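Protein sequences appear in the order of chains A and B. Each residue of the first sequence is one higher than the last, beginning at 1 in UniProt numbering. Each residue of the second sequence is one higher than the last, beginning at 1 in UniProt numbering.
Hints were generated in silico from the structure; no laboratory data involved. Everything hinted at is true.
If you only want the chain B side, here are some residues facing chain A, beta carbon under 8 Å, derived:
#1 207
#2 209
#3 210
#4 230
#5 238
#6 262
Estimated spans, in silico, between C-beta atoms of each pair:
#7 366(B) to 49(A): 20 to 30 Å
#8 111(A) to 242(B): 25 to 35 Å
#9 163(B) to 148(A): 39 to 49 Å
#10 389(B) to 1(A): 39 to 49 Å
#11 214(B) to 167(A): 43 to 53 Å
#12 214(B) to 273(A): 32 to 42 Å
#13 112(A) to 214(B): 33 to 43 Å
#14 80(A) to 267(B): 40 to 50 Å
#15 101(A) to 191(B): 44 to 54 Å
#16 273(A) to 84(B): 38 to 48 Å
#17 49(A) to 242(B): 25 to 35 Å
#18 367(B) to 122(A): 21 to 31 Å
#19 30(A) to 163(B): 53 to 63 Å
#20 267(B) to 1(A): 30 to 40 Å
These numbers were taken from a predicted model, which means no experiment stands behind them. The beta-carbon is built from N, C-alpha and C at its ideal position, and this holds for glycine as well.
Listed here are the chains, written in short residue letters.
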Amino acid sequence: MLTILFDGIAYGMLLFVLACGLAVTLGLMNFVNLAHGAFAMAGGYVTAVLMNRSGVPFLATLPLAFIVPAILGLVLERTLYKQLYTRSHLDQVLFSIGLVFMAVAAVDYSFGSQQQLIQLPTWLQGRIDVLGVQIGLYRSFIIVICGALVVALQLILTRTRFGSRLRAAVDDPRVARGLGINVSLIFATTFAFGSGLAGLGGALGAEILGLDPTFPLKFMIYFLIVVTVGGTTTITGPFLASLLLGIADVAGKYYVPSVGAFVIYTLMIVVLVLRPQGLFERAR
Amino acid sequence: MRRRTFMGAAGAAAVTLALSGAALAQEAVKIGLILPMTGPFASTGRQIEAAAKLYMQQHGDTVAGKKIQLILKDDTGVADVTKRLAQELIVNDKIAVMAGFGLTPLALAPAPLATQAKVPQVVMAAATATITEASPYIVRTSFTLPQATVPMAEWAAKNDIKKVVTLVSDYGPGIDAEKAFTSAFTAKGGQVENLRVPLANPDFSPFLQKVADAKPDALFVFVPSGIGAQFMKQFVERGLDKSGIKLIGPGDVTDDDILNGMGDVALGAITTHHYSAAHDSPENKSFVEAFKKANNGMRPNFMAVGGYDGMHLIYEGLKKTNGQGGQALIDAMKGMSWTSPRGPVSIDPQTRDIVQNIYVRKVERKDGELYNVEFATIPNVKDPVKAAKSN
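Between the sequences and the hints, there should be enough to build the whole structure, so can you do that?
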């Protein structure tokens, strides 16, 4: 029972790191970025390629799995995304889904369509027994890293000057600009940061979720569920939603395996019917 | 209505064209090879293409005085496209025989065309048992899933395995494997519990926890080969290997193409299959060596051997018919037998399906690489599904 809970939390944390960048772009910047998974995939491939071709240790690849997608995000934001901020959501969806297909094809072309496998260091493999509960080492590692990220993100957003500027820029870009806030710089930084987080999530998830060129399409639906259920104006909303979904998914598949795959969708529908604005959000 | 008439006319035209085409094109015999060369199943296509090209390179490109021309088409793993390409190949290129077909739906889609145009269809990969019943012109050189699965159940029953949990991906072949294993194993007095995993399932942990709680003697698994590695890792991560649960299944899970990348987690998995790159025979040694040399060190898997044998079957059939395709060719293929890299094989004249040895193998480290090492042989296994029907 507790093992199931633990697995669910680890899975939820992973979902959160993958999806929180999307919550930021969608919620704070009001941009529908379906290509979010492509940045996650980029991070995963950075880790896989560095480990398998150059023999870089797993931990050392993680910062790069953040930085490379972040830079990629920055470049794309400056060149492409920027043009679409003021466009309709349909344009944004069409644009970003196109980007997904291009990413899928590009990765397929350069690395092949097979699954990318990574070898974890031995100290992260296996599991230990804590008070009678079986705990996987790698999953605890994910929980620790993701937990730290959540706290850091929440603090940045609510306690720092950058956080308040960002919130101001989102609420009313024109007034923020008038107050001397460099809105486009803030947006670019935020976008890059969100992409980097996705990349980190992709790298951490490669072991559990697998990694192949169709990754962005396979997990797009999960990202979107997290964001819709959690609401998009805070970090805590998507975080709690991820946990809820992770636990519900794992527990559902454990207790009722025949309908396990539907549990999270049912949950999403129920939440959206009861609270269409998201689970943890005030109605506007 | 008018459209239907048109289609009928087009179909009839296709038949006449194919027939007259065979008579006209005396110089060249064209083989249409339809494979998923891009998309999620591209590795299947790559293996088969490489094997077919290797075969032609080794055996020359003339048979019975006629030049063999291989036309490769990419169906991207979509059945509609397979069918359209097959039609183009039959009508425009006037192929004598079509081959390839990476997945079950891709093999079934062009089956009516094979029947209409009387063009033999050599299935080199797809493994659902019923495929050869879709057209009297289909012949198969890969394997059928029940053919590989039933021996696994028999082996397990003989080796003190009493209770098994099956875990399969919830799609056609997975359910095939589950049914074949369950009925064969319960017939031997074993106890089986079935679990089905959604095909798009990112995390196996809840299912594996359920297995851990059930404490079976063995876990029978069938998942598409790409996901196999992920599954193995989580199996070991959960410590199931140490709790004495044997991992068994048909050989798709320990596919030679990716086995080495799985790492030590795969060690000890017991599978039954028709081909391992480590098969100990002079034919296989030279095949593996030539294949690796021609393909940058890539290891041939069971897809490659299906492609290689498919080409062999076509070559030998054409030799018998003096380069003629159509009904003559399919008749020539029936009952043919030869020594393949995987061991002795033959084509069952009744079902046009392959009869071959099934090997019980264990994953071991050999010369620094992981291989499926064969340790027992079940000779001349026919497809059990069709065998049960004819009895």
